[in-house]
Amino acid sequence: MKDARQELEAVMHAGRVSGEEIREDVWIPSVCTICYGGCAIRAHRVNGTIVKIEGNPASPTGSGRLCAKGIAGIMILYDPHRLKTPLRRTNPQKGIGIDPDWKPISWEEALAETATRLEQVRAEDPRQLVLQVTTTMAPSSLLFFTFGWAFGTQNMWVAGGGVHCGNGAHAAGGITHASWSVVPDFKHCNYAIYFGASKGHGAGHAATPNIAQAADARERGMRMVVVDPMCNFAAAKANEWVPIRVGTDAALALAMANCLVNELGIYDAEYLRTKTDAIYLVGPNGRYARDAASGKPLVWDAGAGAAKTYDDPAAKNAALEGEFRVNGEACRPAFAVLRNHLKKYSAEEGERISGVPAATIRRLAREFGEAARVGSTIVVDGVTLPYRPASAIFFRGAQGHKNSMYNCFAIDLLNHIVGAADVVGGTLGFNPVCHGHPESGRPRYQPRPDRDGLMAVGSWMLPHVPYPPAEPRRPDSMGFTELFPLSHVSPLMASSDQEQWWQRFDLPYRPKMMINYGANSIMSVGNKEAVAQSLKNFDFIVSFDLFLNEFSDFADIVLPDASYLEVFDPRPNFPFIFNHPAGLGDWGWPIRQPVAEPAYERRSAREVLLGLAYRLGLGPEINMAVNAFYGLDGPQMLDPAGTYTLEEICDRELKHKFGPARGLDWFKEHGVITWPKKAEEVYWRPFVDVRIPIYHDYLVELGERTGKLCEAAGMRFDPRYYGPLPEWLPCPSHEVKDAAFDLHAFYYRDAIQVNGFTMENPWLDEVARMDPFSYRIAVNAETARRKGVKDGEAVWVETSTGRRVAGRVRVTEGIQPEAIGIAACAGHWTEHQPIARGKGVFFNDLLEIDFEHTSPVNLNLDLCAKVRITRHEDQHAPHGT
Amino acid sequence: MGNAHNAARAPGTAPAAGGPTRPAAEPVTVRVSFMGLIAYVTKEKELALEFAGTPTLRGLLDELERRYGADFGARVFRTSTPPRLLQMCTRIFVNGDLVDDKALDAPLPAAPGTPPAILVYLLPAATGG
Numbered sequence: 009m010k011d012a013r014q015e016l017e018a019v020m021h022a023g024r025v026s027g028e029e030i031r032e033d034v035w036i037p038s039v040c041t042i043c044y045g046g047c048a049i050r051a052h053r054v055n056g057t058i059v060k061i062e063g064n065p066a067s068p069t070g071s072g073r074l075c076a077k078g079i080a081g082i083m084i085l086y087d088p089h090r091l092k093t094p095l096r097r098t099n100p101q102k103g104i105g106i107d108p109d110w111k112p113i114s115w116e117e118a119l120a121e122t123a124t125r126l127e128q129v130r131a132e133d134p135r136q137l138v139l140q141v142t143t144t145m146a147p148s149s150l151l152f153f154t155f156g157w158a159f160g161t162q163n164m165w166v167a168g169g170g171v172h173c174g175n176g177a178h179a180a181g182g183i184t185h186a187s188w189s190v191v192p193d194f195k196h197c198n199y200a201i202y203f204g205a206s207k208g209h210g211a212g213h214a215a216t217p218n219i220a221q222a223a224d225a226r227e228r229g230m231r232m233v234v235v236d237p238m239c240n241f242a243a244a245k246a247n248e249w250v251p252i253r254v255g256t257d258a259a260l261a262l263a264m265a266n267c268l269v270n271e272l273g274i275y276d277a278e279y280l281r282t283k284t285d286a287i288y289l290v291g292p293n294g295r296y297a298r299d300a301a302s303g304k305p306l307v308w309d310a311g312a313g314a315a316k317t318y319d320d321p322a323a324k325n326a327a328l329e330g331e332f333r334v335n336g337e338a339c340r341p342a343f344a345v346l347r348n349h350l351k352k353y354s355a356e357e358g359e360r361i362s363g364v365p366a367a368t369i370r371r372l373a374r375e376f377g378e379a380a381r382v383g384s385t386i387v388v389d390g391v392t393l394p395y396r397p398a399s400a401i402f403f404r405g406a407q408g409h410k411n412s413m414y415n416c417f418a419i420d421l422l423n424h425i426v427g428a429a430d431v432v433g434g435t436l437g438f439n440p441v442c443h444g445h446p447e448s449g450r451p452r453y454q455p456r457p458d459r460d461g462l463m464a465v466g467s468w469m470l471p472h473v474p475y476p477p478a479e480p481r482r483p484d485s486m487g488f489t490e491l492f493p494l495s496h497v498s499p500l501m502a503s504s505d506q507e508q509w510w511q512r513f514d515l516p517y518r519p520k521m522m523i524n525y526g527a528n529s530i531m532s533v534g535n536k537e538a539v540a541q542s543l544k545n546f547d548f549i550v551s552f553d554l555f556l557n558e559f560s561d562f563a564d565i566v567l568p569d570a571s572y573l574e575v576f577d578p579r580p581n582f583p584f585i586f587n588h589p590a591g592l593g594d595w596g597w598p599i600r601q602p603v604a605e606p607a608y609e610r611r612s613a614r615e616v617l618l619g620l621a622y623r624l625g626l627g628p629e630i631n632m633a634v635n636a637f638y639g640l641d642g643p644q645m646l647d648p649a650g651t652y653t654l655e656e657i658c659d660r661e662l663k664h665k666f667g668p669a670r671g672l673d674w675f676k677e678h679g680v681i682t683w684p685k686k687a688e689e690v691y692w693r694p695f696v697d698v699r700i701p702i703y704h705d706y707l708v709e710l711g712e713r714t715g716k717l718c719e720a721a722g723m724r725f726d727p728r729y730y731g732p733l734p735e736w737l738p739c740p741s742h743e744v745k746d747a748a749f750d751l752h753a754f755y756y757r758d759a760i761q762v763n764g765f766t767m768e769n770p771w772l773d774e775v776a777r778m779d780p781f782s783y784r785i786a787v788n789a790e791t792a793r794r795k796g797v798k799d800g801e802a803v804w805v806e807t808s809t810g811r812r813v814a815g816r817v818r819v820t821e822g823i824q825p826e827a828i829g830i831a832a833c834a835g836h837w838t839e840h841q842p843i844a845r846g847k848g849v850f851f852n853d854l855l856e857i858d859f860e861h862t863s864p865v866n867l868n869l870d871l872c873a874k875v876r877i878t879r880h881e882d883q884h885a886p887h888g889t
Numbered sequence: 040m041g042n043a044h045n046a047a048r049a050p051g052t053a054p055a056a057g058g059p060t061r062p063a064a065e066p067v068t069v070r071v072s073f074m075g076l077i078a079y080v081t082k083e084k085e086l087a088l089e090f091a092g093t094p095t096l097r098g099l100l101d102e103l104e105r106r107y108g109a110d111f112g113a114r115v116f117r118t119s120t121p122p123r124l125l126q127m128c129t130r131i132f133v134n135g136d137l138v139d140d141k142a143l144d145a146p147l148p149a150a151p152g153t154p155p156a157i158l159v160y161l162l163p164a165a166t167g168g
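Chains as they are written, first to last, in our numbering: chain V, 9 to 889; chain H, 40 to 168.
Hints are computed from structural coordinates only; laboratory data are not their basis.
Wrong hints could be hidden among the right ones.
Short, incomplete list of chain H residues facing chain V, as computed with Cβ under 8 Å [stated by the list, open to error]:
1) G75
2) L76
3) Y79
4) S119
5) M127
6) C128
7) R130
8) G135
Backbone N, C-alpha and C fix where the C-beta goes; we use that ideal spot for every residue, glycine too.
Kindly produce the complete structure, drawing on both the sequences and the hints.
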């Protein structure tokens, strides 16, 4: 390790020998991509060498700040262990830890073989091609998806990044906030309660702007409560940490909702009446009552004493309570149904499930409800707006379970009960509305109502939007997302039972070839044996990577990718719903551009893939796919018959958005374009005529259709997950009966080590080794005492199904007594990453990957495991430290 | 104070400009290109259809569904029952303009400066796996 560091330092200083003439001294604007933050950067280049990276103050995406990861990006650029040349395996045997016996080949050899294989696959059945893509470069990896569209396969996935982190939170965020995730309105919020989230206190979407805003909010006096099994990054800065039993967020949130509605009588009737389906009448069959002629949902107009369609102007004072006869049946407004439903989640029941004392639940509900100031308004930029300075947010922790959808809906329900959704002080989606640059009017989008008046997003990361969900149908993709239309990514791509389900549904093909871009699915999904078994399906795997890693053991050809510091990307922070800071301030659209030329034979994977598409004769298809994906039309549309470079595409995308004078050359010089946000864009809810569901009627229909298709194929279907109102449903870990396995293991995203390749960065490794938890297993002090385990000792962590990992304990008061916490992305074993190798604990090896551990609604993988810890027999080995 | 949850609306998007339309009786040829996954369903990449009068986009898609079957319809329309709106992951270009549900029930515009034909690119955005 010391040699590697010295080697890197020597490379860095190669251009800075004392006394050398300075021929070049420039600062180049670009964008970081080490995590989802997407912070704008400036790279300082002297005589061709990057000597420093810092934040770019000209862009609101980062606001001039940069975390340790961004600064350490230099070490990725000059890491001598990075791939330098294409490689071809010579050992036909594939398996975990089996040396492929790589030999260097030329790019032409690599591309010729790849193209030949692709032509064969396409001739047989293009669906046999699988594209696997890292989520870290999410906005810019989308040229991979367009390749898939052009080729004719729908079998694309983002490995662990999707099935761990998004199927729940992003779907829920999309349905109720038209956005990828949610954050408190830091500028105005007075009371924020975080459920398994760390916005503003760790890595992730718009990380550094959020950190600054959260710090300012705390200084201003915002009270912050963090509900989490572990007193981690967010809780460490909070006013109050509420330890919760792993995976029980829905129970706590529903108990709080019950307190608000049924004990305290705190709810925003006007918001519920005008912005949700709370007034929609529900019949005895649990479905909306509908107008026979139009099919629209009905409401009860108390003044007229009659049912009317929801959009009837006379329905302004529609009933929230009561029972009415409609179409010959007794119907109640959805709010009345919800109110009754919540009664079973008393504070005592919440305590029984979550471990949070009933008195605490009642206090939190009262504090939240009073902080929301229902009925108040405030003037912002001359506009009078609802003012609800309370926010309940959710993210990875709350959504990382089989019950992810209900967990997220239950937490978000708190916001809608008090009207604190996308209004001043409340919970904001990341930029669901944009009116566009004042000169070009682009990008312009906003949510719109669907047939029932419910909200469909205006902008999304992928074409597959969460609402309205497509009608379920018999699947012909490998992951069955057509059967489960609320899902984005499917663990069936790598599950141990995939063949069984493919046979049950008569999938007419099997995967044959994979193109991988930067994903390490052997480590990122679940237990490595299941993933390794799934990779045996493939005859041929081509992988674009920065480093050889554990996944490379299964590749046939590895191609050396250019890093984020060596490539173009016209839209690193767009869609704005992903990693552009929310709240008031400025819009910013930066670009990513090379700050250094790729060394050795490295090439941009996106450029290679574009070239491959043209080589395969897919010119019209890829051009139209790019048009479709980037929304290019008019003069900037790619001509189907044309051939384009990536730079030309970038230029067209930018001119399409900002006019002919602001193409790639303009952005290379300026780095970013900014313009002020308007209050109506940020606090958009009063200005857009859409409603959100608090009664998820569409889930009932989805469940009926999906259930029929599953049962016809002999796939066990659990209708409990398709009820219209959120419930707490136990994870498989909650149902383990063996008392010997008495702890819930979970993982969390470290602020420094955020994905696989950060572990190889020696500067970040140095920082992580200074952190007491990054490479250790957090165990409650009393639990450790009870089990006779001391701080620093090595233990086995073992599941009831026999999976186990080893690591060293960090004893702490800052974790719920029934939980053990492990930082993610660790536990590498490849010899090709000497810094990462042997550091931390490979948590994912504890996880089952099968349908039993998958949400039957959104296909999120269940990410907690019931375990026991025992003292390791070998106390001398490093065990990850 | 009044209900601030329904403030004055922000200006909506301007409707897409329509092009010249044709007299009802004149035959109109529509050229359709199928790309990506949908070409696997149709088993052909291009098709020219003649209509007596300018069809709407919905009329064109209904005709294509009749020709290629329910599997085609399932990839183009979100539901099998009315109101049938477009799959949100399907992209359709008409004469170079990306269209959405609003274009379904309007007559397809003529392509300016070209022989009387309308080009529709159908590119279902593949998802999932």
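Hints versus structure:
Among the interface hints, the one on G75 (chain H) holds; its C-beta lies about 4 Å from the nearest C-beta in chain V, closer than the 8 Å criterion. Because the smallest distance between the Cβ of L76 (chain H) and any Cβ of chain V comes to about 5 Å, under 8 Å, the interface hint for this residue holds. Look at Y79 (chain H): its Cβ gets to within about 5 Å of chain V, closer than 8 Å, so that hint holds up. Given hint, S119 (chain H) at the interface with chain V, holds; its Cβ is 6 Å from that chain's nearest Cβ, closer than 8 Å.
For M127 (chain H), the suggested interface contact is upheld, since its CB lies about 5 Å from the closest CB of chain V, less than 8 Å. With its C-beta approaching chain V no nearer than about 4 Å, C128 (chain H) sits inside the 8 Å limit, and its interface hint holds. Proximity of R130 (chain H) to chain V holds as hinted, the smallest CB-CB distance being about 4 Å (cut-off 8 Å). At its closest, the beta carbon of G135 (chain H) sits 5 Å from a beta carbon of chain V; the interface hint therefore holds under the 8 Å criterion.
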